[in-house]
Amino acid sequence: MPSPPLKTGKQPSAPVAAAEPGPIELTINGETYRHSGAPDMPLLWYLRDVLRLTGSKFGCGVGQCGACTVHVDGKAQRSCLLPVSALAGQSITTIEGLASGEDLHAVQQAWVEEDVPQCGYCQAGQIMAAVDLLKRKAQPSDSDIAQLTNLCRCGTYPRIRKAVKRAAQLIAAARTAEAKP
Amino acid sequence: MSGLSRRQFIRVMLSASGALVVGVGPASAAFTPTVPMELLGEALTSLGAFVRIERNNRIVIGARGCEIGQGVITSLPMLVAEELDADWTRVRVEQLPYGYEIGPDGPTNRYGPQGAGGSTSITDGWKDLRQAGAVARWLLIEAAAQHWQLPHERISTEASHVVHPDGTRMPYAELVERAAAILPPAEPVPVKTPDQFRVIGKPARTVDARAIVTGQAQFGIDAYLGGALVAVMLRCPHLDGSVESVDDSDARKVAGVREVFALDGPVPGSSFDGNLAAGVVVLADNTWAALKGRNALKVTWKPGPWAEESTAKLEAQAAEAFKGEGVNVRTDGDMAAARKAAKRVLEARYQVPFLAHATMEPPAALIKIEPDRALFIGSLQNPSGASSVIANLTGLAREKIEIRMTRAGGGFGRRLENDYVAEAVMIAKKAGKPVKLLWTRDDDLRHDFYRPFGVHQMSATLDRKNQLTGFAHLCAATSLNYRIARKKERPPGQGCLEADDFPAGLLPNLDKRFFSLESGMPRGPWRAPLHTFHAFAVQSFIDEIAVETKQDAVALRLALLGEARELDYSGHGGPKFDTGRLAAVLSRCAEAIDWKRKRSDGRGVGIACHFTFGGYAAHAFEVSVDGRDLRIHRAICVADVGRVVNPLGVEAMMMGGTIDGISTALNLAITVKDGQVQQSSFGDYALGRMAQMPNEVEVIILPSELEPSGAGEMGIPSVAPALANAIYAATTVRVRKLPILPELNRLL
Ligand code: FES
Ligand code: FES
Numbered sequence: 001m002p003s004p005p006l007k008t009g010k011q012p013s014a015p016v017a018a019a020e021p022g023p024i025e026l027t028i029n030g031e032t033y034r035h036s037g038a039p040d041m042p043l044l045w046y047l048r049d050v051l052r053l054t055g056s057k058f059g060c061g062v063g064q065c066g067a068c069t070v071h072v073d074g075k076a077q078r079s080c081l082l083p084v085s086a087l088a089g090q091s092i093t094t095i096e097g098l099a100s101g102e103d104l105h106a107v108q109q110a111w112v113e114e115d116v117p118q119c120g121y122c123q124a125g126q127i128m129a130a131v132d133l134l135k136r137k138a139q140p141s142d143s144d145i146a147q148l149t150n151l152c153r154c155g156t157y158p159r160i161r162k163a164v165k166r167a168a169q170l171i172a173a174a175r176t177a178e179a180k181p
Numbered sequence: 001m002s003g004l005s006r007r008q009f010i011r012v013m014l015s016a017s018g019a020l021v022v023g024v025g026p027a028s029a030a031f032t033p034t035v036p037m038e039l040l041g042e043a044l045t046s047l048g049a050f051v052r053i054e055r056n057n058r059i060v061i062g063a064r065g066c067e068i069g070q071g072v073i074t075s076l077p078m079l080v081a082e083e084l085d086a087d088w089t090r091v092r093v094e095q096l097p098y099g100y101e102i103g104p105d106g107p108t109n110r111y112g113p114q115g116a117g118g119s120t121s122i123t124d125g126w127k128d129l130r131q132a133g134a135v136a137r138w139l140l141i142e143a144a145a146q147h148w149q150l151p152h153e154r155i156s157t158e159a160s161h162v163v164h165p166d167g168t169r170m171p172y173a174e175l176v177e178r179a180a181a182i183l184p185p186a187e188p189v190p191v192k193t194p195d196q197f198r199v200i201g202k203p204a205r206t207v208d209a210r211a212i213v214t215g216q217a218q219f220g221i222d223a224y225l226g227g228a229l230v231a232v233m234l235r236c237p238h239l240d241g242s243v244e245s246v247d248d249s250d251a252r253k254v255a256g257v258r259e260v261f262a263l264d265g266p267v268p269g270s271s272f273d274g275n276l277a278a279g280v281v282v283l284a285d286n287t288w289a290a291l292k293g294r295n296a297l298k299v300t301w302k303p304g305p306w307a308e309e310s311t312a313k314l315e316a317q318a319a320e321a322f323k324g325e326g327v328n329v330r331t332d333g334d335m336a337a338a339r340k341a342a343k344r345v346l347e348a349r350y351q352v353p354f355l356a357h358a359t360m361e362p363p364a365a366l367i368k369i370e371p372d373r374a375l376f377i378g379s380l381q382n383p384s385g386a387s388s389v390i391a392n393l394t395g396l397a398r399e400k401i402e403i404r405m406t407r408a409g410g411g412f413g414r415r416l417e418n419d420y421v422a423e424a425v426m427i428a429k430k431a432g433k434p435v436k437l438l439w440t441r442d443d444d445l446r447h448d449f450y451r452p453f454g455v456h457q458m459s460a461t462l463d464r465k466n467q468l469t470g471f472a473h474l475c476a477a478t479s480l481n482y483r484i485a486r487k488k489e490r491p492p493g494q495g496c497l498e499a500d501d502f503p504a505g506l507l508p509n510l511d512k513r514f515f516s517l518e519s520g521m522p523r524g525p526w527r528a529p530l531h532t533f534h535a536f537a538v539q540s541f542i543d544e545i546a547v548e549t550k551q552d553a554v555a556l557r558l559a560l561l562g563e564a565r566e567l568d569y570s571g572h573g574g575p576k577f578d579t580g581r582l583a584a585v586l587s588r589c590a591e592a593i594d595w596k597r598k599r600s601d602g603r604g605v606g607i608a609c610h611f612t613f614g615g616y617a618a619h620a621f622e623v624s625v626d627g628r629d630l631r632i633h634r635a636i637c638v639a640d641v642g643r644v645v646n647p648l649g650v651e652a653m654m655m656g657g658t659i660d661g662i663s664t665a666l667n668l669a670i671t672v673k674d675g676q677v678q679q680s681s682f683g684d685y686a687l688g689r690m691a692q693m694p695n696e697v698e699v700i701i702l703p704s705e706l707e708p709s710g711a712g713e714m715g716i717p718s719v720a721p722a723l724a725n726a727i728y729a730a731t732t733v734r735v736r737k738l739p740i741l742p743e744l745n746r747l748l
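As given, the protein sequences belong to chains A and B, one line each in that order.
Reading the first sequence from the start, the letters are residues 1 to 181 in UniProt numbering.
Reading the second sequence from the start, the letters are residues 1 to 748 in UniProt numbering.
Since the hints were made in silico from the structure, they are not lab data.
Fair warning: there could be bad hints in the mix.
[Stated by the list, open to error] Heads up, simulated DSBU-like pairs for lysine-lysine below, C-alpha to C-alpha not over 30 Å straight-line:
{"no.": "1", "chain 1": "B", "residue 1": "K202", "chain 2": "A", "residue 2": "K162"}
{"no.": "2", "chain 1": "B", "residue 1": "K400", "chain 2": "B", "residue 2": "K430"}
{"no.": "3", "chain 1": "B", "residue 1": "K430", "chain 2": "B", "residue 2": "K298"}
{"no.": "4", "chain 1": "A", "residue 1": "K165", "chain 2": "B", "residue 2": "K400"}
{"no.": "5", "chain 1": "B", "residue 1": "K368", "chain 2": "B", "residue 2": "K433"}
{"no.": "6", "chain 1": "B", "residue 1": "K737", "chain 2": "B", "residue 2": "K673"}
[Claimed, not checked] Label-pair distances were calculated between CB atoms; the ranges are:
{"no.": "7", "chain 1": "B", "residue 1": "D332", "chain 2": "A", "residue 2": "Q147", "range": "28 to 38 Å"}
{"no.": "8", "chain 1": "A", "residue 1": "Q169", "chain 2": "B", "residue 2": "P185", "range": "35 to 45 Å"}
{"no.": "9", "chain 1": "B", "residue 1": "L183", "chain 2": "A", "residue 2": "G101", "range": "26 to 36 Å"}
{"no.": "10", "chain 1": "B", "residue 1": "P647", "chain 2": "A", "residue 2": "D73", "range": "41 to 51 Å"}
{"no.": "11", "chain 1": "B", "residue 1": "D626", "chain 2": "A", "residue 2": "Q169", "range": "47 to 57 Å"}
{"no.": "12", "chain 1": "B", "residue 1": "R373", "chain 2": "A", "residue 2": "A88", "range": "37 to 47 Å"}
The structure presented is a predicted model; accordingly, all values stated were derived computationally and were not measured.
Beta carbons are placed, not taken as given, at the ideal position from N, Cα and C, and that holds for glycine.
Construct the complete structure from the given sequences, taking the supplied hints into account.
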């Protein structure tokens, strides 16, 4: 069972798989949790089934769609492929932990402003992938953006493109504002 | 489903929290709402009606539709807000549950039509939801009239306030109690005229966008229930096959696995009113344990009656079928005579594959069955069907089944079928526990109601002057109407070949016939059913005729469409088809892509247009083929969907339809071999990714004063032919078989 207090997610009511050797300590959105269930459980299912952090989505379970994208030590990773045992000591951020309180992350803000979502199912993963891209490329070109490989069945790609560019501007503007006291 | 029927009236009530609640429903239920008063206004409970005006003047509007990505969670409440004159910027929208109830005249739905299919949500809501909003406003004005002792007509409204002739404004909230005591008018109240619109026609962003981008939006798959076991199933890969033997000893050893049992599939040949396939169910404490348990199963299968079926054999079957007579779909004039008299006869054969829906959120369902009631939470497109399925399998009365609706991670027709709901109920009954059923991607791709497979044999007769005198469209396909659940069997051609589709009625001689192919593949509606299926053949062939007769492909279509007039159209989206509206989207599209300009650098432009479900659309693409690399330089979509309620929403649907159309046309096919579906992942059913897509889709919505039609489906049928036509223009290679890329590679 996760260690209290739980600040995010709902208290799990389903039992976790029977205890196996030693609990694994995980840092997720700044909170520490101890997982004593199956060590090979992919992070995606730990987030969803155990912590009830359901923002990360299941789309394929084999790394092909990106709906489950989270950040591990700041880098985008597909959580369906990551056994929790490999994550001890690393810092995990999910879509639920991206905003600071009421303030949306610039990428989330851009997503709202460009009205990106259709069904919305892929969008948490798209946003997490875009945040990672913008960390690597502050002003991404069209071909940089085309490196995003997350699937969207609803066809929101052109708006994702616009939103990534808008987010880049928002981030740049915030930096400039910070630089000027 | 009609809008506000004779028996449905506006219901008004004052909730315990002092909010005015207005909805539609049977008249006599007006003061005996089935939702307990105490619950109204509470979070996580049913919103009793469409409108709730709270004490702080915040207006809550209930969204009745199934949100599958088509934007009804925004556009339908906009209709209510418009007539209520609510301040849209302060409106909160809440998803309504499924509203089945027993009214004084029998079963009814307290919210009106809720399903999502056939692009009808907006057309329905245009009638009854506007009326619901208008009545709420009427009551508030009446309350103000009493308060200010003025005639009703002298009071106006604006942004959630009533306005006194002297300009004094009073928030709606202050009139709520008085309004609730007023008897709603017996007759429908007048709705606004378009010049009075403040919400309709203005771009509105998705109301719950913030919840989506923060991961808080609830999809069916996100529902959990204490005590529910996670169920996954290993389904028989053979069409109509069955379980021969199961060795579950290893599966049961997996920590967390609670139960393993076999589940029968439908009797071969019987209608699909339950689950879709036989298999072995694993129930566990969590998803991972269930999946590991499933991996550890050792099952031998018995292939069913379709063990020989393959795509190659279906192709051969089609070729053979055309030698027969087929079923007449529409005959005008005398095509045989036209053939005899013709100077030239052009022929071409096109092929379209089975397609899977591959909704991004795979099927999932949460069900808890108790002796006298049941609770279901899941992503739905057809809640009424889900309710019947649960009732049939549990024996519970439908009003005892609570269905909570969530956002759905895509629909595209997949969720019109409720096989996954049935499967969850069957598993929960057998397990005697609440169950959360999850389908994995391979389950989803291998067990679907596929868009039919078919071959189109087209011919055109030309006279001496190269004038088109006749058109024949013979379609050999695995009929859409196969083992349909609880419905009368429909004519076999229906669902594959539309009798009155272009160019029917525009030529003296027409011959449309259908030839049914034998197949064990389950089939069902797939976004713009039948239209994506046959528009490729029709709109490609028209292009071929233009090339062969050295005519301009746009001019040829416009000449065929002729004078703007209405033709009879018996299919869904009728009863009329307006040739002028189709000509207008086509012309605008040609203009936008600069059709007449000669391209160099190996670029080519292709165009196509189509009428679907009351809406008109045209697509044009500019492409080049470099080696084996197809590049889409420009993509244009022009649509006329009548009056637009939410321009942002319609634009998104058209853009999404175009991208979906490209992704599908380029890459996607489901094939069969040895009676088994061959695709099982996004590796072999490769949805398009960003890099393959045009950077932009230029969407142009033609202004219209006509009644709105939905926009979910007309954005896709003309995509594949416009792409194939563009490829021809760039390369002189004619792609007559979908998907395009493998075929283009074969031909190059
Ligand atoms: S669910 Fe992880 S990549 Fe698809
Ligand atoms: S918004 Fe539906 S899958 Fe991307």
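Hint check:
{"no.": "1", "hint": "B:K202 <-> A:K162", "in the structure": "holds (21 Å)"}
{"no.": "2", "hint": "B:K400 <-> B:K430", "in the structure": "holds (20 Å)"}
{"no.": "3", "hint": "B:K430 <-> B:K298", "in the structure": "holds (21 Å)"}
{"no.": "4", "hint": "A:K165 <-> B:K400", "in the structure": "violated (50 Å)"}
{"no.": "5", "hint": "B:K368 <-> B:K433", "in the structure": "holds (7 Å)"}
{"no.": "6", "hint": "B:K737 <-> B:K673", "in the structure": "holds (19 Å)"}
{"no.": "7", "hint": "B:D332 <-> A:Q147: 28 to 38 Å", "in the structure": "violated (53 Å)"}
{"no.": "8", "hint": "A:Q169 <-> B:P185: 35 to 45 Å", "in the structure": "violated (52 Å)"}
{"no.": "9", "hint": "B:L183 <-> A:G101: 26 to 36 Å", "in the structure": "violated (48 Å)"}
{"no.": "10", "hint": "B:P647 <-> A:D73: 41 to 51 Å", "in the structure": "holds (42 Å)"}
{"no.": "11", "hint": "B:D626 <-> A:Q169: 47 to 57 Å", "in the structure": "violated (33 Å)"}
{"no.": "12", "hint": "B:R373 <-> A:A88: 37 to 47 Å", "in the structure": "holds (45 Å)"}
In summary, the numbered hints that this structure violates are 4, 7, 8, 9 and 11.
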